[in-house]
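Engineer: In this note's numbering, the protein residues as written are 802 to 931.
Because the hints were derived from the structure by calculation, they are not lab data. There is no bait here: all hints are sound.
Have a look at the derived ranges for each label pair, beta carbon to beta carbon: (1) E842 - T911: 17 to 25 angstroms; (2) S808 - D878: 34 to 42 angstroms; (3) L912 - E855: 16 to 24 angstroms; (4) S895 - S808: 42 to 50 angstroms; (5) A897 - S835: 29 to 37 angstroms; (6) V891 - I925: 35 to 43 angstroms; (7) E893 - Q815: 37 to 45 angstroms; (8) E898 - Q815: 37 to 45 angstroms; (9) D810 - G886: 41 to 49 angstroms; (10) E927 - Y831: 41 to 49 angstroms; (11) D810 - D889: 46 to 54 angstroms; (12) G861 - E893: 18 to 26 angstroms; (13) K859 - I888: 21 to 29 angstroms; (14) L919 - G861: 32 to 40 angstroms.
Only pairs whose alpha carbons sit at most 27 angstroms apart, straight line, appear in this in silico DSSO-like list of lysine-lysine: (15) K862 - K890; (16) K879 - K890; (17) K906 - K806; (18) K860 - K879; (19) K859 - K879; (20) K862 - K879; (21) K862 - K906; (22) K890 - K906.
Just so you know, even glycine gets a beta-carbon here, dropped at the ideal spot from N, CA and C.
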Amino acid sequence: LAGEKFSRDTKVTQLSGGQSRSLMIADTAYMSNSPIVLIDEIENAGIDRLRAMEILAKKGKITLVSTHDPLLALSADKRIVIKNGGIDKVIEISDAERNSLIAIKKIDDTLHMLRNRLRTGELITEGLFK
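Modelling step: build the complete structure from the supplied sequences, incorporating the hints.
Structural biologist: See below:
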């Protein structure tokens, strides 16, 4: 989930933020008896957010996510719009929104590639977008 591997022998104090959050997701998915999981802005957690959501769903968890990430929001069956501190509306994903996920995923993949290139010190050039 974090992209950085660690072993059983790795001390918890040596884990990066993303690794420790990955461990929390795994603990919630595999160890917790709670059927409902609340996650605040997982897109800022430094982990593979879509994989984390997939793992929780496969383990039968009802997951409520606070997010501004269009890919996460449109990947859900329903989204709740909060306004002035309360529920304004509940929206079921439409076919048009579901179809737009392909284009949004391509944009997300491009951003992921750019982040990885920046991490490894590569130069970002116009040629990447052609």
